[in-house]
Every structure is written in structure tokens, then in C-alpha cells.
Amino acid sequence: MGSPTGAMADTALSATDVLLSEGVILLGAAVFFVILFRRFGLGAVLGYLIAGALVGPQGLGLVGGAESKLAIAEIGIVLLLFLIGLELHPARLWRLKRDIFALGLAQVVLCGLALTAVIFYSTGFSWGAAIALGLPLALSSTAQVLPMLKNSGRINSPFGEKIFSILLFQDLSIVPLITIIAALSRNPADAAGPPGWVLALHTMAAITGLVLAGRFLLRPLLRLVGRLGERELFVAVGLLTVLAAASLMHALHLSTALGAFVAGVMLADSPYRHEIEADVEPFRSILLGLFFLAVGMVLDLRTVAAFPLFVIGMAAALVVTKTALICGLARLFGMEWRQAMGAGLLLSQGGEFGFVLFAQAQNALLIAPQAASLFSAIVTFSMATTPFLMLFAARFEFARPKANSSLRDPDQAPRGTAIIVGYGRFGQTVAQMLAGHGFGVVLIDKKPAQIEVSSRFDVEVFYGDGTRIDLLHRAGADEARLIAFCIDDPSLDSRILEPIAETFPQAAILARAFDRRQLLELQDMNLAGVVREVFESAICMGVQAMEALGVPRAEIEEVEQQYRENDRQRLDVQRGHGDLAVAKDLIYRPGRRMRLLSRGEGKEVA
1 MGSPTGAMAD TALSATDVLL SEGVILLGAA VFFVILFRRF GLGAVLGYLI AGALVGPQGL
61 GLVGGAESKL AIAEIGIVLL LFLIGLELHP ARLWRLKRDI FALGLAQVVL CGLALTAVIF
121 YSTGFSWGAA IALGLPLALS STAQVLPMLK NSGRINSPFG EKIFSILLFQ DLSIVPLITI
181 IAALSRNPAD AAGPPGWVLA LHTMAAITGL VLAGRFLLRP LLRLVGRLGE RELFVAVGLL
241 TVLAAASLMH ALHLSTALGA FVAGVMLADS PYRHEIEADV EPFRSILLGL FFLAVGMVLD
301 LRTVAAFPLF VIGMAAALVV TKTALICGLA RLFGMEWRQA MGAGLLLSQG GEFGFVLFAQ
361 AQNALLIAPQ AASLFSAIVT FSMATTPFLM LFAARFEFAR PKANSSLRDP DQAPRGTAII
421 VGYGRFGQTV AQMLAGHGFG VVLIDKKPAQ IEVSSRFDVE VFYGDGTRID LLHRAGADEA
481 RLIAFCIDDP SLDSRILEPI AETFPQAAIL ARAFDRRQLL ELQDMNLAGV VREVFESAIC
541 MGVQAMEALG VPRAEIEEVE QQYRENDRQR LDVQRGHGDL AVAKDLIYRP GRRMRLLSRG
601 EGKEVA
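Read left to right, the sequence shown gives residues 1 to 606 (the numbering used here).
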């Protein structure tokens, strides 16, 4: 008979083996399918869903425990809302109140009622069951939509703010939806649960408590951690903040994501915001990927196989209904119709909170377990349609912003002396200096978010890829005296710029280089100038650093001149050899200047 210690060790070893093997399988499948689907431009989410469905218990059965993994992975949504909260100062959140409480409320109510009617008249379910299924379908996937906005740089644009406002109200609406399902419940055990007004009071009390804790506990703690300078403590405090806020909401049967969002907003104006964001982001990315893997794993393929037409038809009805209603509401709230269509397509899927509310409806005896499985599959299928719908939206540019309510093609631009390609932080400085001297400047950018933000400052930026010769023709490059490529693109090389220089010989060509390697590639061309994007600013900080350390001005100027000469000589040698590894002896090493001066060599460098 084995000892208890040995049995415990065997159990622990077995659990470790299972964890390692399942981890390898899940991550391996995820990496393969995410790479595959990204190659086809379909995004990571669909790759995760397919990978989870394939290796899960309903697929090949290589990994089990889908529900437990889904519960753990929901922390990814919590972290996502926390990070979004970090970007929203309370004053800015107040500015969005109309979009949150008017547009958001209208979306949830209209979509919920419409989908309830669709379910009631197409399935023969009771009104109670239709309500318990239709209202949750009004919610969209925060975990899917917000990363799309964040990765595209549109989260802070007017378009992104309206989408975010709707999603935030959807998260707030979970409490009344739970209350409605509880009121319809046929389960006698639910009669002992708290009434809706108690849940509302719990929500207000929890939010107030989080605000006070953020102000009087968390900020002093962050100041202490900042003085200690321990990176690990920032990670621990960031995760502690998120998990504590989520735990409080969970204990009160409220939305854990809402608690994390409030905690993030309370730290939005903290000087340590960026540090916390950098530390929490990797955990968010991993857990959000695991969440979509788990969603794929819980997909009941047997139920789908038994009713394939119903699942596909209802998923299509869900997407069409929400797209139409959200598009109409967005138009009523002032969005241009292409953006409104983009908003409808982006929010057309069902959401992850639908799984939670379907389970509550099942416990309330409003729907059968098979119905819960069917509608969970419908939500999953609707999520899978979103990458395809966004490709459709991008093709027809539904979500593309338009300056002054009408995006203008470069052929409508007034002819100017200079064309600036790329109106980011680099191009803005170049353009404003030229405009300040009185030159006519035509601005071109292919990033929708940048165009939309610029329009808010009454700056007209024309949409298009400024490396295309046909587009430059339309923008008036035949008459321009200067074309400046201010885009942050390491792939900008002679193959792109040489045809442009040959087509427009009267125009001086300037280019922004990402690094030394790109600078060497472009220096073989006869360009009017190539500028490394951080070279001058780095030298400027080096000068300021020496000033702060009390170095005399004359010596600072001498060091700066020596460094510039060193760098020029290194570039000449590297360009001749075509190799960055040569001319190591010309690297400006620590103490070099002092040794040169001690030998009386003055400004001689080589």
C-alpha cells in the first residue's frame, strides 16, 4: 500500500503532465491557425476559434475542461476593459455620456426587442424563453471588437468613441438583463435571490467603493512602488488592482469587466498609467487568446450537426438584424452612412456575455439545455463572421472616415508646392513649417484614424497610398516642387522611390528613414535628403544630458561635432562595403573624447 505522500506526488505529477500536454496542444494549434488566418487577412480571432473547436472535446478530443478554461480566460476580457479604462480620463468619459446613455440604450433596447421577436415568431418558443434568448443577443463581443479598434488606432477617434460607448453601455446593461431573467424565472430557488433594485444599489456602491479605493489606497501604493523602482511590484500591483476590482463585482453578482473598467478609469490620470499598461498588456493578450480558444472548445458540434440550418439561419438573422438597426441608429446620431454601416458590421455579432446569460436562463428553467447549446453555437458562429464582414467593410470603405463629412480623393486637392505623404507626428512638423512659410501643401495619408483626427483640427488630409504613382498624379505631383515621404515604413526603398523620382523629375524627393539600415539603402539614390527619424532628437537629448551634468558649452559643442563626424565617416565606409558590421573602430565609444583631448588631438576623430 503506497504512502499518502506518494499518492499526492503521483496526483500532482499527473496534473502537471496534463497541464503541460494540454498547454502544448492548445498553443501549438493556436499558433498554427492564427498564422494561417492572418496570412489570408482574416484576423487572429477566427484562428483561435477554429483551433479551439478542432482540439476541444467536441472535435479531436485532445484537450478537455473547456468550461473551466473559459472561466479562467474571461480574465482576459477583464484585463482588456481595465486597459481601455486607463485610456479614458473621467472628463473624457463624461463627454461621451450622450453616446453611452442614449445611443447605447437605444441599441440594446431596439436590438433586444427585434431579436426577441425574430426568435418568438421563428421558433415557437414562449415569450419568456424568447426574451431570455433575444435580449442577450443584443450584446456584442467586447473581446473581439475593442482589440480591432485598438490595433487599428481608431479607439480614440470619433468613430471608435461611438463604438466604445455602445459596448460600455452593453456592459452596464448586464445588471438589468440579469434582473429581467430573474423576474421571469420559473425556478422556485430564484425567489430567494436579491431583487433588481438591490443589484442596482450594489452596482452604485461598488463603483463608489472602487473610486474611493483608487484615490486613497491605490495611488499612495503606486507612489511607494515608484520610489522603490521594482518592476515586479508594478506587475503585481497592476494585476492586484484588476483582480480585486473584478472579485468585488463578482461577489456582488455584477459584471467583473465593469469593475476592471472603473479601476482603469480611476488610474487614467495617474503618472504611472503607462507603466501599468505596459506590464498588464502581455497578460491581456495571452488570456484573450485563450478565451477565444475556450469559446471554440465549448462549441457543441453535435448540436450544430443535428440542426445545421437552424444555427446558420439564426446566426445570419442575428447579423443582418443588428447590422441594419445599428446602422440606422448611428445615422440618427450623426454618423456618415459609410461609417454607420461600418459600425453595424463591427457590432453585428453576439457577445461573450451571452454565454453567461444563457446559462442563467437555463437555471431559471426558461430554456432547455439544448436551446442553451444551440444559441451558444449561434453566438460563436456570428463571432466567426466578423473577420469576413470587416474585409467586406474595408473593401467598400464603409468605416473609412471622411473629412468634413466627405472624404475627398487627392484629385480634388488644390495644387500645391509640396506634397507630404504621411501626416503623423513626423509629417505634421514638416507640413506646418512649410505652411508657416506660405507654401501650398497637399497632405496624403492612408490611415483612416489619422485622417479622422486631423479633420477635428480643421486640417484636410486626402486619403490614399502616396507611394502609388497614379495617386501622386491625381494629387498634382506633376506641378509640385517637393515630395516628402514622412511615413513610418521600413520597407520604403529604392524600388518604390526610383520610379517616382523618374516620373516627377522636377520635384525634390525627401524620405524619412526608420533606421541606419534603411538610410544606407536610400543613400544610393539621388534624393534631396534622407533623415533618420530619431537621429536629431537623440543628439538633442544627448546635448541636454551633458548640460544637466554641468559640462561646459564649448565642450558640448565639440562632442556633438565629433559625434556627427564619426557617424558620417561610418556611413561612408558602410555604404562602400554594403555592410553594417564594418567600421567598428569608428564607433564613438565611452571616454573616447577624453583620450583624444589628453593626446592633444583636439577635434581630430579618425
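Note that these hints are calculated values from the structure, not bench results.
Source: prediction; values computed, not measured.
Mixed in with the good hints there might be a few duds.
What the hints assert, rightly or not - Cut-off 30 Å, straight-line C-alpha distance, at most; resulting in silico cross-link-like pairs (BS3-like, lysine-lysine):
hint : residue 1 : residue 2
1    : K97       : K447
2    : K446      : K150
3    : K97       : K150
4    : K150      : K447
Verification of the supplied hints:
1. Distance hint between K97 and K447 is fulfilled; the C-alpha atoms sit about 27 Å from each other, no more than 30 Å.
2. For the given pair, K446 sits about 17 Å from K150 by alpha-carbon distance, which is consistent with the 30 Å threshold.
3. Simply put, K97 and K150 have alpha-carbon atoms about 21 Å apart, close enough for the 30 Å limit, and the pair holds.
4. Of the pairs offered as hints, the one joining K150 and K447 holds, with about 13 Å between alpha carbons and a cut-off of 30 Å not exceeded.
Of the hints listed earlier, there is not a single one the structure fails to meet.
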